[in-house]
Amino acid sequence: MSLLESLRFTRGDTPIHNMDPRVKFLLTMTFFAASVMFLDLIPLAAIFLVQAPIVAYAKVAGEWLKSLKGASMIAAIIFVTNMASFYYFRGGVLTFAILEYSLALTLRFIVLITSFSIFFLTTSPDKLSLALDKARIPYEFNFAFITAIRFVPVLADEAQTIMDAQRSRGLELDRGNFLTRVRNYIPILLPLIINSIRRSLELAEAMESRAFGATEDRTNLYELKMTQFDYVTLFIILLGVGLLVYLKLFYPGFPKLLGEGVIL
Amino acid sequence: MTIIEVRDLTYTYPHASRPALKDVNLDIDAGEFLLLTGPSGCGKTTFCRALNGLIPKFYSGEMLGTVKVEGLDTREHPTMRLAQHVGLIFQNPDNQIFALIVEKDIAFGLENLGVPKSQMLQQIHWASENTGIVDLLQRATHELSGGQKQRLTIASILAMRPKIIVMDEPTAFLDPVGAERIFEVLDKLNKEHRMTIILIEHRMDLAAKYVERIIVFNNGTVVHDGRPQEVLGEESTRLLGVGTPRILELARRLESRGLKMNRLPVSAEALYESLKPYLPEPRAVPAVDVRGLDEYAGEYHHQPIIQVKGINFTYPGNVKALNDVDLTIHQGDFVAIMGENGAGKTTLVKHFNGLLRPQSGSVLVENVDIAGTSVAKLSRKVGLVFQNPDDQLFEETVEKEISFALRNFGFKDSVVEKRVNWALNLLDLAEYKDKSPFTLSGGERKRVALASVLAWDPEILVLDEPTVGQDYGQKERLRHFLAQLRTQGKTVIIVTHDVEFVAESQPRIVLMAQGRVIGEGPAKEIMTCPEMLSQCSVAQPEITRLFKMLSRHGLPSDVLDVDEAFDTLTRYLKEAGP
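As they're listed, the protein sequences go chains L and D.
Here my numbering is used: the first residue of the first sequence is 1, the next is one more, and so on.
Here my numbering is used: the first residue of the second sequence is 1001, the next is one more, and so on.
Simulated from the structure, these hints should not be mistaken for lab results.
Heads up, a few of these hints could be off.
[Claimed, not checked] Keeping only pairs whose Cα atoms sit at most 20 Å apart, straight-line, the calculated SDA-like set for lysine to any residue is: (1) 1068(D) - 1025(D); (2) 1377(D) - 69(L); (3) 1057(D) - 1039(D); (4) 1057(D) - 189(L); (5) 59(L) - 110(L); (6) 134(L) - 1320(D); (7) 127(L) - 1101(D); (8) 1117(D) - 227(L); (9) 127(L) - 1057(D); (10) 1400(D) - 110(L); (11) 1400(D) - 59(L); (12) 1320(D) - 160(L); (13) 69(L) - 1114(D); (14) 134(L) - 1114(D); (15) 225(L) - 1057(D).
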C-alpha cells in the first residue's frame, strides 16, 4: 500500500513536470524496455545512472526514496531467493557470478520502480487525461478517470466519519472471531454505499447543470504542446533506443564486473 | 421584464402519492434578488430544480403547466442547454466540483459548451474576480476550505454567464463570516451585473438584509409573496415555522406597543434609526461590569466532568488541528464550541469519547484519564451525535436503528425495548417506529440519529452542528429539548455556527481559531466582544449590534435575544419617556 501511496502525483514546476506526457511516457517505456532487455549488472547500472539525475532534476528524490523503501521488502526477497536457489541448484557453491546475477535482477526491479516513479510522480492526472484524449479515448472514460481521482480524498474522509460515528455508538470493529469481524463492517459499508449512490445522483444533477455533453466538440482549458525541450528529449530518447538495439544485436556480451571467483 | 414565467405548475415525483408542487404561478423579473423559504418539505427545492429542467427530465414524474426561462420552455430544451441561462448551485460543494485544479473546475462548463480557449480564459478571470478567488486559481480543489469551495461553485456557474443564479442553501456548512461573504458576492452580482438571484436559505437574519422579495412555500403551493418586511411581518408566516429575523421581530413588538416605525427594519442600523427619536441624546455611561453575571450561574461550582489538559493533535500530512488546548467542562454545563471552519472544534470533541487520542497532554472524563479506555466504554458516558445522520443510519427500521447501540453495549432485551420506546417518545418518533430511516425527511433522520444516542442516556451529550439544515420550527424544538436535558442535570456540549441559536439558548461559549481556544465565558460576555468573535469568524447577533449602538444612550450592551431586548427597551423607554 505504501508503495502505491508513494506513486501519487506531487505538484511541482520543473522541466520534468512540464514535459509533454506523451514524451514522458515514451521515456518511461524506453527505460522499461531497456531494463527488460538486459540481464547484466553493467547496463542495468548504466540505466540507473541515467535515471538518478532525472529524479533529482524533477525534485522528487524524497518521494522516490519512499517508493524504494516501500519496494525494499520485495527487492530483498528477489535478492535472497536468487542467491539461495542458485546456491542450492548449482551444487552448493556460491560464486561471484551468482552474486552479480542476483544483484542485477534486484537492480532491474529498482530500475523498473524508478521509471514508473518518474512518470507518476511528475505527471498530473489532468495531463494524463489530456494524453488519453489525444489517444482518442472517449471523453466519458477520461471523465470517469479524473472523477475517480478527485473523489478518493472525499470518500476516505467519509469512511473515517462513518467509522467514528458507529464507534461512538459502541461498535467494536476488532472484537469477536473472523465472521463477527466481517459482520462488524456492515454498519460502516452500508452508509458508505448509500451515500455513494446519493452522491452519484447529485453529481449527475450537477453535471447536467454544467452542460455536460452539450457538444461533441468539447474544448479543453489545457492543451498539449510540444516544446523545444520535448523535441530535444524525444531526439535523445530515439538515440537511446538506437543504442539499445545496437547493443542487443551486435555487442557480444558485457564483461562480468565481479569476475568469476568463488565466494564459498 | 419577466425572465421566469411559471404557469399552473403541478409536479408529482414518481411513486409519490401527492404532488410536491401544486398550481404554482409566478413571474420573476430580471435583476431580482429573491428568497424562497418555507418549512422542510414544502417544495422549494423541487421548485428550483424545475427552473433548469432537471424536473421533469432528470427525475421523471408527472409535470403539468409550463416553466419558461428567458422565453425558453424548460420541457422543450435539455438541461445542458438551459444551463447557459439558469445556473443551479447545490447545497454540498463537494458534489459539484469535478476537477483537481480550481481553474480547471471553473472551465468545466465552458469546455462542455465548446468555448474556445482564449474566451474561456477571459470568462474564468471574470468569474474568479467576482467571487474573490483569483489567488486560488492554481490551487488543488480538495485543499480549499468550505467557504472557498462554495465560492468556487459560484464561480464555476458564473463562468457560463447565465442571467439567473439559483442556489439551494449555499451557506449551510459555513461559518457566519464565510456565509456573509457568500451573500456579499451574490449581492455584488445582483447590483453590478444585474443578475437575477434566487436563493433558498434558512439564515433569515442574514438573508433578510439582502433580498428584495420573499416567496413562502407550504405544502407545494405559494402562500406568501412580497417584500421581506411584509412577508416576514405576517403572523401566518411565523406560524408556518419560517423564522422571522430577530430585529424585525423586535421592531414588530415595539410597534405593537405604540412606537412608530417608518419602515419595518431588518438590520440593526435601520432599527436604531427608527428608535433614535425616542432616545435621549448620547451620553457617557459608566461601564457596566458584565462579569457580575457569573455570580448567579450556579453551575460554575459543580464538579469538573471533562478536563482537557494541554492537548496537541496533528493529522497525517502535518495538518495541525489542536495546539495546546486547555479546557474544563463542569457537570451540568451547557457549552457551545464556536469558531471558523477548520478551527479544530470537531477534532476537539472527538477526544471526549476517545475517537482521537491526544498526541501530547491528557483528557480526563470524570477525573479519570481516558488513556487506555476503549471508545465503546467512554461512549457510555459521552454520547457523540454526528452532524450528518446519513453517516450512521443503516438499519431496516427506526426501532432497530435506535437499539443498535444498546445491543452493542450489551443491554438486556427487556431493557432495550424500554429504552427504545422511551427515546422514540422523547423525540416524537413513535409513529415512524417500523419505517425505514431512509424514507424519512432530513430533519426526521437527524432526530433518529439523536434518539439512537440518547437511548443509552449518556451523562454527557455532544452534538456536532445540530441546527444545520433545520428550519426555524425544528430549531426551536431542539432548543427546548436541550433545555429540558439540562434540567435533568445532563452536561450538553454543542459545536455550532448558529449565532442566533446560541444567542437564544445562552450557553457558556468556547471560541476556537486555528486549533487554539481563544476565549471562553458566558454567552453575554463573549457575544459582546466583537474583536474576539471576528478573530474566530463568528458574527455578532444583530440584536447585540443594536444594543452596542444603544449603549451610547445609557442602555446595557449585553443583550442577546429578542425577549430580553424587548423587555429592556420597553422598561427603558417607560423610564425615559415623558
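Tell me, which hint numbers fail for this structure?
2, 3, 4, 6, 9, 10, 11, 13, 15
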